[in-house]
Amino acid sequence: MNQPIPTTPEAVRKQAAAADARRRRQARPVSRQWRRRGLMTLYIVFVLLPVYWLLNMSFQSNSEILGALTLWPQDFTLEHYAKIFTDSNWYMGYVNSIAYVLMNMLISLAVALPAAYAFSRYRFIGDKHLFFWLLTNLMAPPAVFLLPYFQLYYTVGLFDTHVAVALAHCLFNIPLAVWILEGFMSSVPKEIDETAFIDGYSFPRFFVKIFIPMISSGIGVTLFFLFMFSWVELLLASTLTATSAQPIGSVMTQTKGASGIDWGALSAAGVLTILPGIVVVYFVRNHIAKGFALGRT
Amino acid sequence: MNNKIYNNRAWWLILPMLLLVAFSAIIPLMTVVNYSVQDVFDANTRFFTGVEWFQETLNNPALQAALMRQFAFSLTVLAIEVPLGIGIALLMPKKGWQASAILILVTMPLLIPWNVVGSIWQIFTRGDIGLMGWGLRELGYGYNITRSAVDAWGTIILMDVWHWTPLIALLCYSGLRSIPDAYYQAARIDRASRWAVFRYIQLPKLTNVLVIGILLRFMHSFMIYAEPFVLTGGGPGNSTTFLSQSLTTMAIGQQDLGPSAAFSLIYFLIILLVCWVFYTAIMNLQKDKQQDKGA
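Chains as they are written, first to last, in UniProt numbering: chain A, 1 to 297; chain B, 1 to 295.
It is possible that part of the hints are untrue.
Simulated crosslink set (BS3-like; lysine-lysine; CA at most 30 Å straight-line) [said to hold, decoys possible]: (1) B:Lys4 with B:Lys205; (2) A:Lys190 with B:Lys287; (3) A:Lys128 with A:Lys190; (4) A:Lys209 with B:Lys4; (5) B:Lys4 with B:Lys287; (6) B:Lys95 with B:Lys4; (7) B:Lys4 with A:Lys83; (8) B:Lys95 with B:Lys205; (9) A:Lys14 with B:Lys95; (10) A:Lys209 with A:Lys128; (11) B:Lys94 with A:Lys128; (12) A:Lys128 with B:Lys95; (13) B:Lys94 with B:Lys4; (14) B:Lys287 with A:Lys128; (15) A:Lys190 with A:Lys209; (16) A:Lys14 with B:Lys287; (17) B:Lys94 with A:Lys14; (18) B:Lys4 with A:Lys128.
For the record, the hints were derived by calculation from the structure and aren't laboratory data.
Remember, predicted model here, so these are calculated numbers, not experimental data.
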């Protein structure tokens with residue numbers, strides 16, 4: 001025995017961990033680690049290749065795109081990006097998309113927070129049926145609601161506004177938000193609510209001052225999902241808008257000119273739609289691991 | 001779960017949400033039901049037709065074919081994406097900057113608007129300007145998604161795998177992260193094989209997230225619209241026309257209100273049925289867990 005005999009539980013644990021690490025290093029041969037890395041790299045290449053190609057296209061002039069196939073831009077150009085940032089048709093598409101996504105996130109979160117609290121803390125008449133009904137809305141194919149939505153929003157005079165798209169996306173985003181938040185809220189012990197009420201907190205004050213900070217990571221994850229599903233949806237968004245609130249996705253479908261599709265502009269616009277997503281993922285990267293299980297692991 | 005308080009005042013907390021969802025779900029749904037039992041000529045002329053549209057829809061061979069294709073597509077992508085997603089989750093590093101970087105890269109396809117996903121793959125697979133299309137042709141394979149139904153199917157499935165495997169992978173990754181280290185240490189003491197660790201430690205922890213993942217994947221693949229629409233436009237012929245696209249063509253393109261409303265309801269009911277099965281499965285799983293804890 002070249003090791004001192006441990007005396008405290010802490011020391012025992014430490015020694016065991018050290019031995020464990022030693023064993024792990026021996027047990028996992030180098031070749032296996034390289035195989036893991038190799039497979040992972042292969043997958044990442046698979047993910048990145050189509051995106052790289054899009055990026056490649058966006059920096060090429062249209063004559064180069066349609067000429068010989070080149071693996072990287074031979075004469076590097078920013079003309080397509082310049083076009084998008086100077087033509088108001090193009091950049092307003094982004095502004096519109098971001099506007100209705102943000103509105104939808106705000107509306108969904110505002111109504112989903114109290115509802116999720118009710119579902120996680122109380123039993124009431126019809127609670128289970130109501131929850132199931134909510135989930136069914138998550139499953140509703142947007143194509144089913146296309147025509148009625150168009151007529152409904154046209155009748156109430158909301159057609160071609162950001163609000164219309166934001167409200168339409170509530171169809172699947174509110175149930176999603178309630179579902180995720182309910183999971184996070186249920187993992188907060190109920191004793192916290194009870195203690196706060198005994199301490200004399202009113203419900204709204206408790207909710208804003210104590211409860212919301214406690215589930216802040218859950219709210220972050222919820223916002224991520226709300227952003228994601230509102231940002232990627234196009235069928236409803238393009239049906240409910242014509243010109244003044246047109247999302248970038250439907251602007252992109254109009255690149256077909258007299259001389260065929262403007263591949264360069266299409267690629268540049270595509271690249272720019274990927275960027276907001278990457279920014280959002282970067283912000284929530286530390287919560288994703290827990291949050292993707294919707295608080296239910 | 002059992003210690004919830006019985007209090008009907010909770011309805012007040014639900015009310016705002018209920019009103020909003022009712023506005024965007026119940027009113028439109030009622031409109032659809034209304035159309036599905038009537039023959040609408042114009043704003044003032046309409047006839048009650050009963051279940052005629054439903055019969056017509058159910059007997060329409062084009063729609064039956066679209067339904068079959070839809071099921072074939074959904075089951076194929078599930079069969080590929082679930083094992084692949086689990087595999088990737090197992091491979092993803094758990095610590096350090098690589099973990100963050102890979103997490104961001106893996107998540108990226110999920111946040112690309114769906115029609116842009118279609119555009120990306122359209123550009124990627126074109127024979128003249130796309131890397132994949134060009135590459136396959138250089139290798140001597142006559143790849144053409146506008147002519148060959150096999151190529152179109154293969155490409156759409158590949159695109160869906162590219163697009164949605166990350167969802168399964170991230171769900172599983174978060175499931176794996178919640179397994180305490182002690183489990184692995186115990187397994188090492190028992191000299192458990194890699195397979196045994198996966199089968200008896202990792203997989204049971206993943207069932208919960210996998211049910212969520214399969215549910216989300218099933219319904220999204222069943223509602224797929226923008227990606228194949230941009231990539232193949234439903235062709236060649238009708239070989240990649242899925243349900244959403246048939247419905248949209250019918251409702252917007254041909255303005256067949258009655259049949260398309262009946263079709264909508266049938267479509268919705270199929271998804272609802274599957275959803276109900278999954279929901280019951282989730283509830284039973286949770287019940288089992290509680291019983292395990294209680295025992």
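Status of each hint after checking the structure:
1. B:Lys4 with B:Lys205: The hint holds at about 26 Å.
2. A:Lys190 with B:Lys287: holds, 20 Å
3. A:Lys128 with A:Lys190: holds, 20 Å
4. A:Lys209 with B:Lys4: Within the cut-off at roughly 22 Å; holds.
5. B:Lys4 with B:Lys287: holds, 15 Å
6. B:Lys95 with B:Lys4: Violated, because 38 Å separates the two Cα atoms, which is more than 30 Å.
7. B:Lys4 with A:Lys83: Cα-Cα ~58 Å, so violated.
8. B:Lys95 with B:Lys205: Holds, at roughly 20 Å.
9. A:Lys14 with B:Lys95: It holds: about 20 Å lies between the C-alpha atoms, which stays within 30 Å.
10. A:Lys209 with A:Lys128: The hint holds at about 29 Å.
11. B:Lys94 with A:Lys128: It is violated: about 37 Å lies between the C-alpha atoms, which goes past 30 Å.
12. A:Lys128 with B:Lys95: It is violated: about 40 Å lies between the C-alpha atoms, which goes past 30 Å.
13. B:Lys94 with B:Lys4: violated, 36 Å
14. B:Lys287 with A:Lys128: Status holds; Cα separation ~14 Å.
15. A:Lys190 with A:Lys209: Holds, because 16 Å separates the two Cα atoms, which is no more than 30 Å.
16. A:Lys14 with B:Lys287: With Cα atoms ~38 Å apart, Lys14 (chain A) and Lys287 (chain B) exceed 30 Å; violated.
17. B:Lys94 with A:Lys14: Measuring from Cα to Cα gives roughly 21 Å; hence the hint holds.
18. B:Lys4 with A:Lys128: Roughly 13 Å between the alpha carbons, so the hint for Lys4 (chain B) and Lys128 (chain A) holds.
The earlier numbered hints that this structure contradicts are 6, 7, 11, 12, 13 and 16.
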